[in-house]
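Trainee: Sequence:
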Amino acid sequence: MRIFRTESPDSNKGKWIELDWLQPRKTHSLQRFVKVRRSLDGVKSQFLQLCWCQIFIYRQPEVSPMKGFEHLDLDRDYRRTLQTQLTEQLKGMIQQGELRPAERLPSTRALADELRISRNTVVAAYEQLESEGYLQAHERSAFTVGAAARAFARPRRGDAMAGQRAVGPPRTLIAPRPFRPAQPDIHLFSLKTWNRHRTRVLHESLLLQYQSRFSMGLDVLRQNVGAYLQESRGIRCHWDEIVITGGSQQALFMVGQLLLGRGSSVYMEDPGFPGAMRAWQQTEATIVPAPVDDEGICLPLPMAEQAKVVYVTPSHQFPLGVCMSLERRLELLRVARERELWVVEDDYDSEFRYNSAPQPSLQSLDEYRRVIYVGSFSKTLFPGLRLGYMVLPPQLVERFARLKATLEDHGPLIDQATLASFLESGAFDSHLRRCRRIYRERQQLFLDLVSRKGLPLRFPVTGRGMNLAGHFVIRTDDVRIGAALEREGVDTPPLSSYCSQARCSGLLFGVTAFTDTEIRAGIETLASTLSPSMVVKKSRSRNQ
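Just so we're aligned, residue 1 is where the sequence shown starts under my numbering, counting upward by one.
Just so you know, the hints here were simulated from the structure itself, not pulled from any lab data. Treat the hints loosely; a few may be bogus.
[Stated by the list, open to error] So the derived label-pair ranges between C-beta atoms look like this: (1) R200 with E398: 29 to 39 Å; (2) G426 with H238: 36 to 46 Å; (3) T172 with R109: 18 to 28 Å; (4) S430 with S212: 29 to 39 Å.
Note that beta-carbon positions come from the ideal geometry of N, C-alpha and C, so glycine has one too.
Using the sequences and the hints, build the whole thing.
Mentor: If you want it as structure tokens, here you go:
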């Protein structure tokens, strides 16, 4: 009971009365008819009467039954019903651990009032979740989170948890910044021509069907790739020895899974391609660094237990850019035959030679079929295509076919059919000729600007490929320089980041994807960043 004083001009005016019942409200003051019991001094008789009272209520702080449900948001214009939206949002809260097992949900009436929807909608949503095991019904229409939700239990938002992985905001698509290596200029690629070929192949409706027979790739694409490689790179193979992959990285992964394992060894150029390094590390094989000189990978190879594979980029060594000499190629093939090594030839950008014709591939010199030839269309067309290829020795075809069928029943057949038509029409050759001309001009502009600015970099290998390896003319911490350039918006990885045991000091520049304006702006940033660093470095050298 609470004691209040009446304010009505009747017989109870000025008397204190007790309220038999008081309904809590949100407001602090209200007027209404209430039943009161009059207390008379010394009189035990009681009677009930209605009187008009002015009641002032102090509302005690209380926890809102809607706490934790404020973020529920239903869209009346959305194509899905309000019941479905509410069901999915409540289910998501349980799965994300925002609602714990045995936790009570708001009453159907309270939730309906809060969301301004029909109570029947809330009832139907609760009952649906109950039927799926997410909620448990109790007497008087009460619902709690079911015990089965323990499988989803996790810390609430904001709760600390030891070892919890931090999850950042969703990432967005970005364009490469100057001078990110190995990036083609996608604006040189004719999407109009590509889409014309795509429209043509889509008339074949069977491409939309499940086609597990083509785990190695569409036969027509394998045939066209084989014809192109024989003409441009001197590759010797039959088309059924070609496997279409999801880019060169998948090809390297498959090589590692089939030919390497714990206890085996793989020879790796040092410095070398990080993607190949990651593929070998997945197999737990021992990676044996092999130095690189002006003629390519150095021979003889160091002895290693259970050596199975040697990985090379002979046409344009990554990242230094040297081309393996003919004498070194023949010696490597002899060593591979004698020691029963598989040679992985990654021919990642051999199409881009600006001052001379490209040298024949290592595979074209292989009389004993020990070379696995790897290539990709990501650098010649556009990276988002994710189509590459391998040319396999005959004795490995069946093993790779079984692994490929395990990885995927078939690749993107529509893209494969479109590429096959693109190759057969001659559009691919036209595109390459255009790219070579523009990439040559961009590389020359870059080198001219570096020379004009007097930057402390030398470029021993030019005239080929998508990248240029710039070596510092004085001893410099290339990691520090690379980080400083990164802060200024220039993407130039330090050469030392590609090294295991080798010593390199320089930066790797990609110039093919960037316009003349972007190259000029990048050089200005490079000059302003390098100059203070070089001055500091020179002064230290003099003091020493």
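Trainee: What are the numbers of the hints that this structure violates, sorted from low to high?
Mentor: Hints 2 and 3 are the ones this structure does not satisfy, whereas the remaining hints hold.
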